[in-house]
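Chemist: Using the sequences plus the hints, can you model the full thing?
If you're matching them up, the sequences are chains A and B in order.
Those letters in the first sequence? Residues 1 to 348, by the numbering used here.
Those letters in the second sequence? Residues 1 to 499, by the numbering used here.
To be clear, the hints were calculated from the coordinates, so they are not data collected in a lab.
Watch out, some of these pointers could steer you wrong.
Said to hold, decoys possible - Result set (DSS-like, lysine-lysine): computed pairs, CA atoms no more than 27 Å apart in a straight line:
no. : chain 1 : residue 1 : chain 2 : residue 2
1   : A       : LYS346    : B       : LYS468
2   : B       : LYS183    : B       : LYS66
3   : B       : LYS481    : B       : LYS468
4   : B       : LYS468    : A       : LYS338
5   : A       : LYS69     : A       : LYS107
6   : A       : LYS346    : A       : LYS221
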Amino acid sequence: MTSVPSTYALSSSFRASLLEIETQLARARQELSTGRHADVSLTAGAAVARDVHLGARLDQLNTIFETNKIVGARLDTTQIALSSLTSTAADVRATLLRALSDGGDRKAIVAQARLALASFTATLNQTIGGDYVFGGENLDAAPAADYFAAPPSANKLALDNAFLSAFGMTQSDPAAASISAPAMESFLSVEMSALFSPPNWAADWSQASDEPLLARISFFKTTSVSITANDPAFRELAMGYTALSDLSLDALSDDAGDAVIRTAAQHIDRALAGLTKLQAAAGGMQAEVESANRTMTVQQGLFLSQIASIEGVDPTEAATRVNGLMTQIEIAYTLTAKIQQLSLVKYL
Amino acid sequence: MTLSLAGLIANESLGAVSAQTGIVSRNISGASVQGYSAKIPQLVTSDHGTPSIVGVARQADSALLKSLLAANAEQAGSTAVSDGLRRIEQFLNVALDGPSAVDSSASPAAAISNLSSALQAYSASPNDPIAADNALARAKDLAKSLNGASGMIQDVRQQADQSIQQSVAHVNDVLAKFERVNKDIVVGMAAKADVTDMLDERDRLLSELSTEIGIATVQRPSGDMVIYTDGGVTLFEMTPRAVSFQPTPSFAAATPGAGVQIDGVRVVGAPNSQLAARSGRLVGLAQLRDELAPRFQTQVDEVARGLVQAFSESDQTGSGAPTLPGLFTYDGATVSPGPGAITGLAARIIVNPTVDPAQGGDSSRLRDGGASSPGAPEYVYNATGASGFSDRLLQLVDALAAPQAFDAAAGLRLQDSVASFAADSMGWLAAQRQQVETKQTFQSAVVNQTSQALSNASGVNLDDQMSKMLALENSYQASAKLLAAVNAMYSTLFEAIRV
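Modeler: Here it is, written out as structure tokens:
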């Protein structure tokens, strides 16, 4: 025997199923508009752990992209500075080589060297966002001391003292013409070289740290991303420029002057070789950052697609569901109305 | 057969029909009342053929009622659990909108990810005070998120405790009503009175009771009913048993909740006794208060401890000084805590005031070390004081992702990084919720189906009642016609006699 539905069950079942369909419709609509499950944790369950984890990785990835931009800008500035130093040094070197063959205009050489030294200091003291590019870990102190500062700075005073104690006179003394070539050569290779040794360089010339900046450029790679002003190439360059600018080259005898020019040319040669290496090193860092960025772009896509596979809703499927549910609701409305009409009372 | 007997039968039949009509109209008026069962007149025919109503029965289905009671209890239990879990989850914002679950989330997992990003950004500009302040702000967010999560968990426990109290009061209330109805039924049945409406009421009370605690019933021949909990403890026999509960005024992580007792026997609440009830809202609430919420609390406590450890500062000079809490610390911290959960740590974790400029600290201690004991050279990582020192910051980012040991009581991986432990904890919560909501959806479908089946089996169908009404109308008409005929015959007789 089939059971007769009770009047209460009939009406309440319609109400219950309508409510259920309407709840589903609200969810499907939300999913359609957001592209995500209406209640991710209910749908994904334990997979939420992976979802949260992936989201965190994605966040970090985006941060590293941002920090790589900072690192990249720093390296770009470094490259430009290095190439400007190289071209100035190459110009000075060309002048020196000409002077060695034809004696040249020593006053002009001194002037060019002084300009070069000033530009050297300015270049090393470049900042980006307030941080000194060549400072290594010392971001907030200008790495190179200005040789032409007034009152004279430590590097200028050190050279003056060395000159005075070696020759018993100052550089501007007219008697400088009497300094012999061997004496000058010995001064250059011993006393003056010592001024550009790492300890004296750190004391008088440079505030940079030997430690380069460290940065994380990808999840697993932390690398040094700066070149410090304490590199030998810069010391050589400074030595060459200083010898030309502040040993009263124009007052010296021809022989002693030639010795200064020769020695300076040697130092600048070594500096040029060093600068090329530094450019290669900075280029290597740039390449590393770029390759890290490329890898991370791939990872980013992977993470996004994995997150989407956990959280995401297929829009076509959601749209179909919305349509289906709406049809269902319409049918339910029609049926309810019809069944309500169906009562024996109407026919009695 | 005499004419007067025929008149008598017609008369009594009129009475029976109007009594039946009374029952039909009772049924019609109860048609849309939930739990009303259709009443059936019980007719007998006397020796001389007169019909009379000797009682009223009702359509009932005790098997279906039993399944409904069981389904009610299961559904109420899982609803209580899922409501609590949803509250925690909504607080942590996992279920809310946003491009990704972590983006818009206040969960510790998301806060850790934000802090890690901020530290990474700071490491690229170690000289930037804004980057330092940003990292500090994210660290404060993280501490706040842990404090908040812990507070929320305890709030959910507190609410569960209050709900248990309300639930117990409701049980006692229902049992008191039950006692009255039950007594009336016993008395009524002995007097052979119509007790059907009281039986309906008793069923309704049972259904109300079953949402609070799982029950089993036994009916005795006298009509008396005995109620046991599904764990086997007597809840009602002639008189209600005292259901008692001592609410806890305020909850902290280490506060245990009291159990519900019937006649001194613990039936709900940890630790589970052998006589523990197995279903019902009370059981769900106790499970939430004593198992799930404390488990999640242990997890956030472990996240907090993992953070204190990840950010702790070790001796840099080799002088054998102990490892101390750095960026994150808590009241009464002396050394960085080793493995082993510290109950309630999530509520106590703070950002070390030595790093917070607002409290006289210095945010650059994040970069340089020394947050643990300012001024002590042992804990300074940046020995040269270089402004571009990023080693420590990179170390901290690594520490968040480096594996460390976690307490088995948290029920998650024993070796994990604090970041992924926090993510796993969110996963655990979601999995619990998914499980219980799936159960709840199923149980409410069962409740719907069963109550419909029960309503079909015992309820009123209007059309059925209307057709009965038609038959009664006809029978009334016929009886009335008969009376008129008898009357006419008597009249004819008397006319004849007078003549």
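Chemist: So, for every hint listed, does it hold in this structure?
Modeler: Against the structure, the hints come out as follows:
For the proposed pair LYS346 of chain A and LYS468 of chain B, the alpha carbon gap of about 16 Å is at most 27 Å, so the pair holds. Distance restraint check for LYS183 of chain B and LYS66 of chain B: the Cα-Cα separation of roughly 21 Å lies within the 27 Å cut-off, and the hinted pair is therefore satisfied. With a C-alpha separation of about 20 Å, the suggested pair LYS481 of chain B and LYS468 of chain B falls inside the 27 Å cut-off, and the hint holds. Between LYS468 of chain B and LYS338 of chain A the CA atoms are separated by roughly 24 Å; this keeps the pair inside 27 Å, and the hint holds.
Under the criterion of a C-alpha separation no larger than 27 Å, the hint pairing LYS69 of chain A with LYS107 of chain A is inconsistent with the structure, at around 45 Å. Of the pairs offered as hints, the one joining LYS346 of chain A and LYS221 of chain A is violated, with about 83 Å between alpha carbons and a cut-off of 27 Å exceeded.
In the structure shown, a violation is registered for the earlier hints numbered 5 and 6, in ascending order.
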